[in-house]
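Asker: Residue-level listing of the chains:
Protein chains: 2
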Amino acid sequence: MDADILAVKTYFTGLQQRIVAALEEFDGHAFRSDGWTRPAGGGGLSRVIEEGDFFERGGVNFSHVSGGAMPASATAHRPELAGRSFEAVGVSLVLHPRNPYCPTVHMNVRFFIASAPDAKPVWWFGGGMDLTPYYGFEEDVAHFHGCCRRAVIPFGGEAEYRRLKAWCDRYFHLKHRNEPRGVGGLFFDDLGADGKTDFDTAFGLTRSVGDAFIDAYLPIATRRRALAYGERERDFQAYRRGRYVEFNLVFDRGTLFGLQSGGRTESILMSLPPIVKWRYDWAPEPGSAEARLYEVFLQQRDWA
Amino acid sequence: MDADILAVKTYFTGLQQRIVAALEEFDGHAFRSDGWTRPAGGGGLSRVIEEGDFFERGGVNFSHVSGGAMPASATAHRPELAGRSFEAVGVSLVLHPRNPYCPTVHMNVRFFIASAPDAKPVWWFGGGMDLTPYYGFEEDVAHFHGCCRRAVIPFGGEAEYRRLKAWCDRYFHLKHRNEPRGVGGLFFDDLGADGKTDFDTAFGLTRSVGDAFIDAYLPIATRRRALAYGERERDFQAYRRGRYVEFNLVFDRGTLFGLQSGGRTESILMSLPPIVKWRYDWAPEPGSAEARLYEVFLQQRDWA
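Line order of the protein sequences matches chains A and B.
The first sequence begins at 0 in numbering that gives the first Met the number 0 and counts up one residue at a time.
The second sequence begins at 0 in numbering that gives the first Met the number 0 and counts up one residue at a time.
No lab work stands behind these hints: they were computed from the structure.
Take these hints with a grain of salt, some might be off.
What the hints assert, rightly or not - Under the rule of at most 16 Å between Cα atoms (straight-line distance), these lysine to aspartate or glutamate pairs were calculated in the EDC-like manner:
1) A:Lys276 with B:Asp3
2) B:Lys276 with A:Glu50
3) A:Lys276 with B:Asp193
4) B:Lys276 with A:Glu49
5) B:Lys276 with A:Asp26
6) B:Lys276 with A:Glu265
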């Protein structure tokens, strides 16, 4: 298992570096670099940007943590593993552009090993990426989903892509509002934990998703970054970002795992947007550009 | 039990009216009135203010809901009652002033009955109030805690006051930051559920807490409302309001109960502040007015 962890860790840290380098070139500002260690074991490297030229706030975080008792939030379908000792390695990014015509994006790849005395260690991969537009463009959403699809196809074909796309739609759903967080993308968890997927295939899919991120996102950002916006668009963006906060703090397994396992709070909560507004029982005017988000984009659709 | 529910409901709706009337007089703007019903049973009346003269956002909500299976979040120490059918009546308020020198405040009183076939119904009261300053004043915090203390003393003396004060300190604690939400006040739950407190005493304490709210809060708001503030103070307020969001969405039992039991989302989330900011790994400058909040006020202290 040790050689596997090393291989995963090497890929993850390299992925973080490549993504940050591409984002820095795109933004023109450097990401700050914050290393941290965790008293209970492990540590990480947070790469964070605030008040960039393009990104208002965002982070690309690497962490490698271990612990004596895995929280239930770490695995979707294997609650019997809760309480085992664990090792977790991952890269997680959330980027909030300033321009409301540019979508917020999230990507995560992760690898877990759960160990117990007198039992074979259980390992699995998880990950995915998803897009959250404020003012959407069909072309952008189709591009993002197309990249997701191409990343999965070599690892199980159309059926596997459909499965991870549908899982994403189910996962990034605000139950208390019966509303999707955004337009989805890919989500997977527990890949390999049932012994049916071998390590190379599971790691291969995870790498394919990680490697697809830059091409999935930057062309969209490039197309929309020069669009002019005003107070109205910023206001709607701030309102919709409230949904991002609600999802991440109430439902997101990664956030809850981090906070429950004594993770580094500031690194976990770099996913929260820089400025957010809540407003009572608000709805966009019918026929407005804001209403279009709900009517066209916050719907489960086949985009790829 | 029906006569008891009616008595509690009559008191709660009257309390809501009295509090809203006092707050409207203080603010100069009317609270909007939003009645709602819940398909699964019950409903409520939300009284909400946004963009008032003094209050930037806030609500005083009454609700009376029932359901087939009580979520575990409804009771602190009686998880064995989860799954019973329930009735819940309550008044809950959160007020976010615009002026950063005026504290955010929360008050809640609630009454539950959990029923099961072939078992005696179990009832209990819960409630409390607590204060969250941005720029604190010792005099204000002492006043608030003094009112809390006077509300409890007739119902169990100093020991009972200490118990509810300490419970509040424990409850309104952000574990992931090891930081109190504010300066505390009172918190109680499950009062009567163990059969050791009779209905009249438990209802009496709950009324005493509800009745104490206006005198606990409005003198503070009156003293500080004219204080001049600028961008710096608004910015710090927005940053600190992030902690309020984190607490309410990650830890608050009332919020989770509401969202889990299919409550009315907009009424539950009226507790969230109007404008909030998150910023990576920020800390106030030593010796600043902002640092004083942490050093003097976000500490467990005897204030009464």
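Asker: For each hint, tell me whether it holds in the structure or not.
Answerer: Hint-by-hint comparison with the structure:
1. A:Lys276 with B:Asp3: violated (40 Å)
2. B:Lys276 with A:Glu50: Distance of about 13 Å is within 16 Å: holds.
3. A:Lys276 with B:Asp193: It is violated: about 42 Å lies between the C-alpha atoms, which goes past 16 Å.
4. B:Lys276 with A:Glu49: holds (12 Å)
5. B:Lys276 with A:Asp26: At roughly 22 Å apart (the allowed maximum being 16 Å), Asp26 (chain A) and Lys276 (chain B) break the hint.
6. B:Lys276 with A:Glu265: holds (14 Å)
Comparing the model with each earlier hint shows violations of hints 1, 3, 5; every other hint is respected.
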